[in-house]
Each structure stands twice: as structure tokens, then as C-alpha cells.
Amino acid sequence: MSSVQHSPDAALTLGTARDAHRIRPALWYTAALALLALLLPFLEGVPVIGWLASPFQRIQLTYGLVFSIAALAFNLLLGYTGLLSFGHAAFFGGAAYAAGLLVKYLHVYSMEGFLLAGLTSALVLAAVFGSVCVRYTRIFFSILTLALSQVLWALALKFFWITNGTDGLSIPTPTLLWGLVGTSGDKVRFLSFTYYYYVLVIFFVCVAVMGVIAASPFGKALQAIRDNEVRAQFVGIGVRRYRWYAFVISGAFTGVAGALFAPLNGLTTPDILHWTFSGKIVFMTVLGGFKSFIGPILGGIAYNYLETYVIKTTEYWQMLLGIILVALVLVMPRGIVGVFAWGSRREQRNR
Amino acid sequence: MPLLFAQGLRKSFGETRAVDGVDFLVESEELVSLVGSNGAGKTTLVNLLSGLLVPDAGSIAFQDADITAVPVRDRIKAGIARSFQLVNLFDQLSALDNVRLAIFSRDGTTRQVLRLAERNRHAREEALEILRDFGLEDKWDTPAAGLAQGERKLLDVALAYALRPKLILLDEPTSGVGTREKGTIMDAVAQLVQARGLAAVIVEHDMDVVFTYSHRIVMMHQGKVLAEGTPEQIRADERVATALLGKA
Amino acid sequence: MDEAGIVLQVTNLTTYRGRAHVLRDVSLTVRGDEVVCLVGRNGAGKTTTMDSIMGLLPVRAGEIRLSGQNITRLPTHRRVQSGIGYAPEDTGVFPDLTVEENLRIALWLGNTGDGAGSDVGPAHVYELFPELRGLSGRRGFHLSGGEKKMVAIARAMMLRPSILLLDEAFEGLAPAIVKRFTEAVARIKAMGIALFIAESNIMTASRVAERLYVMDRGEISFVGTPEEAFADQGVMRIIHG
Amino acid sequence: MDVLLAQLLNSLLYAAVLFLIAGGLSLIYGVMRIVNLAHGSLFALGAYVMAWGVSRVAGASGAEPAYLIVLLPVAAAAVGATGAVVEPLFLRPLYARAEEYQLLLTFGLLLILEDAMRYVWGATPLTVSPLWASFGSLHVLGATYPRYNVVVILLGLAAAILLWAFVFKTRFGVMLRATSQNRRMAAALGINVSAVYVQAFALGCVMAGLAGAVIVPIQGAVLGMGVDALILAFVVVVIGGLGSLEGALVGALIVGLVRTIAIQYFPELELAVLYLIAAVVLITRPAGLLGRA
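Chains as they are written, first to last, in the UniProt record's numbering: chain A, 1 to 351; chain B, 1 to 248; chain C, 1 to 241; chain D, 1 to 293.
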């Protein structure tokens with residue numbers, strides 16, 4: 001009798017359904033944090049948190065929010081559907097490049113134009129890549145997503161007369177809201193205030209929509225497929241089709257993040273199409289904790305700070321990221337969220 | 001006409017003929033037990049009927065429609081559900097979500113992408129009711145992986161039951177469970193099946209259980225049907241006793 | 001072998017597979033000069049017992065002794081070196097290795113001789129299964145079910161064990177071949193190797209074994225000779241269903 | 001004619017190096033079912049150790065072919081030793097866990113190794129082209145071809161034959177294959193599976209290290225070479241079949257040839273073509289050309 005093999009991380013994930021209750025108070029923290037984020041630009045003079053409200057820090061946070069969207073979208077696949085993609089750079093970078101090409105060839109400078117182009121290109125790419133990739137799971141899925149995304153990277157690198165090769169495409173400050181908010185002269189002011197709010201709102205929308213998707217019957221079906229493909233089939237779920245839906249949705253949201261990234265960075269280089277960038281998205285997600293919904297949000301923001309501040313202090317930030325990742329996998333597979341959950345459990349025990 | 005009618009089913013694995021020319025039928029609301037020693041082909045037969053395996057030869061008709069080559073999803077839509085001998089659940093989902101998922105899938109609501117599962121009151125209530133029927137209501141928010149073996153077996157059956165099938169195939173619903181628990185499980189299962197008027201095929205070793213609940217017993221041996229009849233007929237059948245003892 | 005001649009002694013063994021509690025307080029002994037069968041239905045816990053003895057599954061509680069040596073915490077390969085040979089239910093014949101290679105591995109690795117092993121050699125094995133000579137160049141993948149069973153037993157014997165563990169040794173074999181295997185069991189015993197065989201068919205078991213352990217739902221519910229087993233109402237109920 | 005011959009030899013040169021890298025990757029996967037994302041970085045490590053060693057021993061200029069013979073095994077062994085540390089320390093805890101964790105962990109190792117090499121050897125490429133030049137040129141059929149490149153091709157060929165003999169003709173090879181086919185049964189026959197795993201992983205690393213060491217006289221040791229090599233090795237094993245050594249050989253030859261042709265005729269698409277071939281093979285023959293489903 002070959003009984004069902006429980007992988008030991010089943011034990012790790014025992015908490016998931018229960019944590020939902022415990023995290024209820026976390027809803028209040030979340031609301032407080034959201035409020036803080038909304039008021040941030042006006043808190044520059046406040047003693048303790050003033051430093052966080054500086055234009056530089058707000059731009060950093062904007063980067064963090066953009067990465068968070070990408071990580072959340074990625075986690076719809078990894079955490080919810082059980083598919084580890086090493087090719088999400090294709091959707092992020094693809095969308096950013098769509099914005100860049102829009103500027104270069106059609107001279108469009110509207111952010112909504114960027115978003116539309118980014119979303120569309122990510123959708124198309126994800127639909128095509130997905131139709132190929134979802135035939136596989138596990139390691140082959142990872143390698144296939146990686147290989148396909150590398151095609152895009154190679155094209156961006158080699159067709160330099162279109163993409164400017166390694167120099168990349170520059171993206172000027174766009175107009176927002178169909179031109180209602182024009183381009184002001186001060187780029188820092190634009191990015192740290194106007195664009196900060198723009199990204200914040202889209203971030204909230206994306207989090208809300210993805211949150212609903214994750215908790216929808218569809219989201220439950222994805223989790224069922226992740227847990228047990230055969231049984232999912234035997235409750236009547238079209239496994240491959242649902243994987244494809246998940247892939248496309250995930251790619252589309254990653255595309256939104258990529259489009260938001262383009263003007264923030266001002267430049268799209270092949271770096272954001274390379275598979276190591278996919279690896280960074282993976283890193284953010286695992287850092288935050290891929291076994292929970294909010295983990296990737298924390299991961300995206302934390303990653304950006306890590307990159308910004310560690311790069312400043314050491315030339316060897318990659319090594320540090322690597323060490324953190326190895327440590328996460330070996331001793332903290334539930335990421336930052338896991339640490340919080342562990343802390344609160346200790347707290348409860350102490351009481 | 002029978003609810004399910006299989007004719008001349010054959011399935012080989014390498015050189016072993018796991019199912020070797022089996023005719024098998026189930027009437028509406030009938031509870032059929034499938035018995036036989038190890039390797040008799042019972043699980044393979046269930047796998048053929050449920051669509052996990054495709055037969056090498058033979059045909060299967062359900063409600064007069066040929067389903068021999070129909071994919072699993074469509075068989076479920078037609079009304080055939082099954083449970084598994086080795087528990088097969090969504091381990092990280094709560095007991096409630098396990099059952100609720102079957103309900104969503106049955107109702108076609110798994111397509112709802114932008115509606116909270118929690119908002120579907122009907123699904124929630126029905127799922128809780130099913131959990132209650134199977135004595136699992138206290139464990140509704142426990143992830144399936146955290147349930148005891150007996151509870152997992154029950155939840156496995158509950159998933160199939162929640163699909164509101166016309167025919168339910170239960171592959172050893174009490175295997176791997178302690179002696180004390182198995183009676184409880186079979187009682188619960190048999191009562192629910194009969195209360196709903198489902199037809200059921202139960203693979204079971206416990207002859208007491210089989211004799212108590214079955215309308216009809218089909219005895220398999222080495223891939224073939226050896227004997228078939230009411231519990232009384234089977235009890236009296238010499239061949240059955242010898243096959244079970246292994247003299248054959 | 002200790003003074004009582006006991007090769008294998010299992011005491012209060014408790015094993016889980018994942019979260020499923022499979023073995024409950026299983027105790028059994030096999031002497032150096034006997035053939036013992038573990039009888040029970042599919043899922044009764046026979047394979048789990050074998051896997052636990054071999055160290056292929058972690059044991060929660062209990063003790064396993066081989067010729068007096070406590071092997072409960074030894075890694076699998078060390079247990080093999082102390083003198084156990086194992087032929088699993090699926091035979092475990094390596095599909096891409098030739099029969100000869102399958103057998104040779106065991107010859108290289110078996111009983112290191114510090115314990116009280118048997119001194120069977122390839123000659124004994126080929127004498128027992130002469131047809132293996134003709135199959136030596138064939139890959140495991142291309143063998144029939146019966147041939148695989150043969151290779152599995154021969155391979156376990158090449159380890160020069162003091163005890164052989166056979167899981168469902170006669171399953172899926174044609175009646176004539178079953179007879180061949182039961183005879184082989186008797187001859188292996190005559191070579192001085194004890195046998196512990198998991199078997200779901202009590203008739204076959206009673207033909208080869210001096211003593212039977214009957215297992216149901218992870219517990220040993222009966223110990224005794226085949227005659228005693230047939231006389232026991234409880235055993236018959238378990239076997240019947 | 002001479003151009004064609006040079007192209008053919010270039011393809012073979014490329015294939016020889018790729019075979020060493022991809023063969024190691026495939027060997028490791030075949031035995032322990034781990035896809036090692038840090039494999040390319042181990043290849044780079046071999047290159048750096050070799051380049052460093054040559055510059056240490058030979059100084060700035062006076063390179064001689066003899067150094068190659070001495071330092072190749074040293075570099076390969078250094079990488080093998082790294083592998084022998086990495087496997088028990090980082091990978092062993094993961095065998096029982098979901099596959100994703102292995103990918104994540106080896107990705108972490110990749111990041112660490114890349115920067116470790118930058119830390120030790122700096123950001124400027126190390127070159128030992130004098131060693132390459134010291135081998136001189138070969139004149140065949142009116143064409144001139146660097147003799148060192150031929151040496152590499154022969155070395156690749158020798159490695160393939162040796163590896164084949166090792167895996168199929170030695171005692172360890174039989175145990176290696178047994179372990180890769182059925183880990184539990186291997187243990188039940190007395191094979192120390194943990195030891196086999198360390199040795200197999202180290203052997204895979206030795207191959208990667210050897211590839212790195214041997215390529216150094218031609219292209220030097222550069223940051224990022226490991227990551228590029230990893231992707232190409234993936235392409236090779238996907239085409240040939242993950243876990244199959246023959247597959248790695250066939251895949252390496254195909255990739256070597258296609259790449260040479262692509263560079264010649266449509267350089268922009270060189271990489272894209274390779275990835276597309278890999279994708280097409282995965283779609284049509286999921287187990288690769290020589291892999292078993």
C-alpha cells in the first residue's frame with residue numbers, strides 16, 4: 001500500500017485556514033497603514049515619521065508598490081495555483097517596453113495609454129505563453145516559462161534599431177488622467193506626489209481586485225488544483241483551462257506593474273526582461289511569504305528597500321539577497337508573514 | 001433499463017489483465033457491493049467507470065448514453081461521482097472549502113472571478129449541512145491535512161456526495177481506519193446514500209458491512225466476475241467462500 | 001543469532017505514513033530456522049511493517065533487533081550490511097540495469113560478515129533459479145512479472161542475509177509458478193536463511209510457513225501455526241472480510 | 001570550403017563545452033531530481049579558478065601548454081569540492097520538500113556565487129589568451145585553425161567517452177544508475193544513497209568546472225558568463241532530454257551547430273532561435289529528443 005505522501009510542508013501550511021481568523025485584527029493594521037500611505041506626503045514635518053515622508057522616500061515607496069503589484073500577481077500563480085514561473089519578467093518588461101515603443105513610434109505621452117498598451121501586450125503575451133506553458137507543471141513549467149521569456153529578452157537585446165538594445169527606451173514624464181494632469185517641470189515633485197498618488201490608487205484597486213479573485217469561487221478552484229490536481233478533476237474542474245486563466249490574469253496584473261514602472265524608472269532596459277528579473281519577482285514573493293495573500297505586498301516593498309539600502313552599503317548586494325533567499329528557504333519558508341504569525345503565536349502563548 | 005451498464009470491459013497493465021471481460025450494471029437507487037480478494041480488479045473497475053482509466057475494450061453506458069470515452073468532467077456532469085481508497089483531498093483548504101468547492105463546481109460558479117466565495121450563502125449553508133451529515137461540522141475550519149484519518153475518509157466521501165450525483169462510486173471508504181471507526185463511517189455513508197436515493201457502488205472488504213447494506217453483491221476474482229447476487233445468495237455460494245479463502 | 005535462535009525481533013512497533021497511523025504496537029519474532037508469514041488484507045499494514053523493518057519509513061516508537069543488535073535507528077544500507085535482504089512487492093528491479101547488473105550490486109554490497117550471515121553465494125542462487133543465467137543480459141524493463149519476482153529474490157539472496165523479507169512474493173503469479181516459488185522458499189530455508197513473508201492469501205501462506213502472524217488494521221490479531229489459524233473464528237472473519 | 005570547415009569546428013568546439021556543462025546538469029538531475037540553477041555559476045567558478053591559477057603560475061605572459069595540463073584538474077577539482085560542500089549543507093534538507101524550494105534555493109546559491117566571484121576576482125575580466133596563443137595554429141585543407149580549439153574538441157570527446165565508460169562500465173556507475181532509477185530499492189540493497197548523492201553532485205560540478213577551465217584561454221573569465229551558460233545548458237538538456245547523458249550530447253551538438261549557423265546568417269536571432277527550439281521541443285516532445293516520458 002503506497003499511502004498518500006504528505007510533503008512535510010503540508011505541516012507548515014496547516015495554519016493557513018486558521019490564520020485567516022487571527023489576521024482579522026491585521027485588517028485594522030492594514031487600514032491604518034493604508035491611511036498612513038494616503039497622508040504620507042503631508043507628514044513631512046512630523047517628527048518621528050517625517051523621514052519616511054520625504055520625496056525620496058515616497059519615490060522609493062512608489063517603486064515598492066509597483067513591485068508589490070507584480071509580486072501579488074505572480075503569487076496568484078505560485079501561492080494559489082502552485083506554478084512557479086521563472087518568466088514573469090516577460091510580462092513586466094513586455095508592458096514597460098510597450099509603453100516605451102508607444103512613446104518612440106506613436107509619440108503618445110499619456111499614462112492611460114501606457115497602461116492600456118502594457119495591459120494589452122501582457123495579456124496577449126500571457127495568453128500565448130500560457131497556452132504553451134500550462135500543459136506542464138513543476139520543473140518543466142518553470143523551465144518553459146524561463147525559455148519563452150528569454151526569447152523576448154533576446155529580441156529586445158538584438159533588435160537594437162527598434163529597442164535601442166542595452167541603452168533601452170527612455171520614457172518621459174507622462175500626462176495623467178487623459179491629460180487632465182499635465183506634465184509639470186519638476187520631475188521629483190511629479191514622481192513623489194502626483195505619480196505617488198496615481199500608483200497608490202492603482203495599487204489599492206489591484207490589491208482589492210486580486211484579493212477578491214483569490215477569495216472567489218474561481219480562486220478556491222485554483223487552490224484546489226494546487227493541492228490536488230486529480231481530485232480537482234474529480235469535482236469537475238477543467239484543470240488545464242483554469243491554469244490558463246490563472247496564468248493570463250497573473251500576467252495581466254504583472255503587466256500593469258510593468259507599465260507603472262516605466263515612467264517611474266524613466267527607462268526600460270533589457271534587464272527587466274531578463275530571467276534574473278523574474279527571479280527577483282520570485283524573491284520578493286518568497287521574502288514576503290507566498291503562503292499568504294498579503295505576503296507579496298510586504299515582500300515587494302521590503303525588497304525595494306533592501307535593494308536600495310543594501311546597494312548603498314555594499315557592492316555585493318546580490319550575495320546578500322542570495323543569503324537571505326537561502327536562509328528563507330531553509331529556516332523561514334513562510335517569509336516575513338510567517339515571522340509575524342510566529343510572533344503573534346508566541347505572544348498568545350505567553351498570555 | 002439500468003442506470004449504468006458496462007459491457008465486456010477489459011483493461012491490462014503490462015501482462016496483467018486487471019479487468020478481463022466484465023459486464024456490470026447498476027440500477028437506480030441500488031446499492032451494489034464489489035468484493036473480492038487483493039488484485040481481483042475492483043479498483044480498476046471503479047477507475048474505468050469513473051473515467052480515471054480508459055478501457056482497452058468494452059463499453060460503458062450511463063442513462064442510455066455511451067460514456068466509454070467521455071472525459072471525467074462530463075461524467076461528473078452526467079452524475080457519476082467517486083471517492084478514493086487513498087484519501088484524495090485538497091489538503092490546505094479547510095473542510096468547509098473542500099465541500100464548498102464541489103458545490104461551486106457542480107453549480108458552475110467556479111467561473112465567478114469577481115465575487116467572494118463567502119458571499120454565496122447557499123453554498124456555505126449547504127456545505128455546512130453536508131459536513132453536519134457526515135459528522136464533521138466541528139472541524140469545518142480545519143485544513144483537510146489536519147484531520148484524523150477517519151475524518152479524512154468521511155470528507156472524501158462528502159466531496160463526492162456534494163456533487164449530487166445519481167451514482168456514487170466509493171472505493172474502500174473504510175480502509176486505513178481503525179476498527180472502531182469503520183462502523184461509524186459505513187453507517188453514515190450507507191444512510192446518506194439511501195436517504196438521497198442514490199445508486200452506489202461500494203468496494204468493501206468487511207463482509208458484515210457488505211451483507212448489512214447491499215442490495216446486491218458482485219464478487220470479482222482475477223479480473224472476472226465470479227459470482228453475483230443478493231446477500232443471501234452470496235452467503236450460500238461455495239465459490240465465494242473458496243475464492244475468499246484463496247483456494248482457487 | 002542470539003541464544004534463543006531469534007534473528008528478527010520487533011517490539012511494539014508504531015509507524016505513521018504521513019498523518020495516518022498505520023502500525024499500532026506490532027511485535028513479532030522470527031527464528032533463524034523458520035519461515036514466518038505475515039497475513040492480512042490489502043492495507044492491513046504488511047508493507048508498512050516491511051518498510052519499517054528496512055528503515056524505509058521512520059518508526060515512531062518500538063524497537064527492531066537483528067540477531068540481537070538494535071537496528072531501530074540505523075540507516076537502511078547499514079541494516080542491509082547487518083544481514084537483511086528485502087524483495088519488495090513491486091520487486092524494485094532496476095528497469096535500465098541488466099539482470100546481471102541487478103544481481104551484481106547485491107553481491108558487492110551485502111552482508112559485511114561481521115554479523116552472523118549466511119554463506120550463500122551466486123552458485124546457490126543460480127542453482128535455485130537456473131533460468132537467471134539465460135536472462136543475465138536482459139534489462140529489468142523487459143522482464144515478465146514472474147521473472148522480476150525471481151530476480152528480486154535472487155538479488156536479495158546475493159546479499160548473503162541471515163533473514164530474507166519477501167513482500168507479496170507470490171502475488172500475480174500463475175498457479176504453476178506459485179508452486180515453483182513455494183518450493184524455492186523451502187530450499188532457501190534449507191540453506192540456513194530465515195524467511196519473513198508478507199502474504200495476503202492465507203492458503204499460500206499456510207503452505208510455506210511454520211507460523212503465521214495475522215494482521216488487521218495495523219495490529220497483530222493472531223499468532224500461531226496454520227492449523228491453529230484455520231481453527232480460529234476471529235482469523236477466519238478477518239480473512240473473509 | 002575552408003570557411004565551412006572552420007564553422008564546423010567552431011560548432012564542435014561550442015558543443016564540447018556545452019556538453020560538459022549540460023552533461024553535469026543532466027547527471028545531477030538524473031540522479032537526484034534537482035535542477036541546479038547555480039550550475040552555470042559553478043562553470044564560471046571553474047573559469048575563474050583556472051584564469052587565476054594560470055596568471056599566478058605563469059605571470060603576465062609566459063604561458064605554456066604545460067600549464068593547461070597541470071591546472072585543468074586543479075580547477076575542476078576545486079569546483080567539485082565546492083559541490084561536495086553545497087550538497088549536504090544546502091540541498092539535502094530539501095529532498096523531502098516541494099520542488100519549488102530547490103529552485104529557490106539554487107537560485108539563491110547562484111546569486112551568492114556570482115557575487116563571491118566578483119568579490120574575489122574583481123569586475124574586470126581575467127584573460128589568459130597567451131595560453132591559447134601558445135598552442136599555435138593548425139593547417140588543414142588550406143584552412144588555418146587555432147590548435148587549442150582542436151584540443152578542446154578532443155577534450156570534450158574524451159570527456160564524453162570517459163563519462164560513458166564511468167557510468168556504464170564501473171561499479172560506481174552501476175550504483176549511480178540504480179540509485180537514479182529507484183532510490184528506496186538502492187538503499188534496500190545496501191547502497192549508501194547519501195554518499196552517492198554527494199558524489200554525483202560533485203561529479204556534475206567537476207564537469208562544469210572543467211568546462212569553465214577549458215574555455216578560459218579562448219574567452220577569458222567574465223562576470224555573467226555563468227548565467228548565460230546556464231540558460232544555454234537548459235536549452236541543451238531540454239532538447240536532449242533532462243536526465244539523459246546521450247541527450248546532453250545530442251542537444252549540445254544541435255545547439256552548437258544552430259548557434260554557429262545563426263551567428264553567421266542572422267545574428268540578431270541567435271539566442272531567440274535557440275530558446276524557440278527549446279520551446280518547440282518541449283511542446284512536441286516533452287521528455288526531449290532522447291528522454292523517456
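Hints are computed from structural coordinates only; laboratory data are not their basis. Please note that a few of the clues may not be correct.
What the hints assert, rightly or not - Not everything, but these chain C residues come out facing chain B in the computed CB check (under 10 Å): (1) R41; (2) R60; (3) G145; (4) E227; (5) Q233.
Unchecked claim - Label-pair restraints from in silico Cβ distances: (6) P65(D) <-> Q69(C): 56 to 62 Å; (7) Y119(D) <-> Y305(A): 52 to 58 Å; (8) T284(D) <-> H122(B): 41 to 47 Å.
Glycine is no exception: its CB is placed at the ideal position from the N, C-alpha and C atoms.
Original post:
Of the hints given before, which are not true for this structure?
Top reply: 2, 4, 5 and 7
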